[in-house]
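Could you build all of it, start to finish, from the sequences and the hints given here?
Protein chains: 2
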Amino acid sequence: MELDHSVETCSGALAAIGDALYVIGGKWKLRIIIALQSGSKRFNELQRTVTGISARVLSNELKELEINGFITRTVHAQVPVVVEYELTEYSDTLEDVLTSLKKWGAMHRQKIRNSLQPISTEARSS
Amino acid sequence: MELDHSVETCSGALAAIGDALYVIGGKWKLRIIIALQSGSKRFNELQRTVTGISARVLSNELKELEINGFITRTVHAQVPVVVEYELTEYSDTLEDVLTSLKKWGAMHRQKIRNSLQPISTEARSS
DNA sequence: CTGTATCCGCCCGGATACTG
DNA sequence: CAGTATCCGGGCGGATACAG
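Those protein sequences? They're chains A and B, same order as listed. Every letter in the first sequence is one number past the one before it in UniProt numbering, and letter 31, counting from 1, is 31. Every letter in the second sequence is one number past the one before it in UniProt numbering, and letter 20, counting from 1, is 20.
What the hints contain is simulated information worked out from the structure, not anything from laboratory work. Only true hints are included.
Treat identical chains as interchangeable: a pair holds within one or across any two.
List time: in silico DSSO-like cross-link candidates among lysine-lysine, alpha-carbon distance up to 30 Å:
1) K103 to K27
2) K63 to K111
3) K29 to K111
4) K103 to K63
5) K29 to K103
6) K63 to K29
Only a predicted model underlies this, so the values are computations on that prediction, with no experimental measurement involved.
Structure follows, in structure tokens:
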């Protein structure tokens, strides 16, 4: 019984994680969402904030994020085109995910920094 | 000041997320970890549990997971080779990440199921 | 059983040029 | 500014065969 329970739990967990990764997985989606957490941004602003992303990829990611209900795209002017991307309320539901991931990432970075220094006994650098 | 603070917070968050995604990002790593949460598993067992992964990719992912300290690889027999993969204590630090991600994934799946049904008024199909 | 080596097709994504 | 179109090279990853 306990084994079955574990197996079922695992299956459900795998399915849930699968669903999550399907919409917020990949290299950029979470970064874009984080970049928008400090307020709405325009296209080039986003590209500057999310370091390393190309216009082509950013464009595609923004479309998917909009389709999945995480952001809204608003055109504010036509002459010089001004477009603004903003997080929706639904993206607030990612708060726990983002918080735990940021927290873990910071912890892991610290752990790496600490464990990589003591290579040499004379490693008294920096 | 508040703006600067936001910008710095965003940068730190982006860096942290970047570190996290670097080691647990991608299509498979979290699924493998979840598959091992119900106990240690062998290679083929893992391949059966983590649906869709090929031997080649599973092998590579396991190596990276081991290098990054999430799992241990133990050889139990040589004649018919028996290898066991097991989560390390360090992978326990991912608990919050996995919990929030599973929770969100389940919520999202439910939301999708609810919002996708009412397409047609006659949509009473299977 | 637990992988690895090789081949290879396909797609991701960079670069560039272009449009509205 | 906010993208899009096209080209194109590298690499991801499947299939298969093979090794220990």
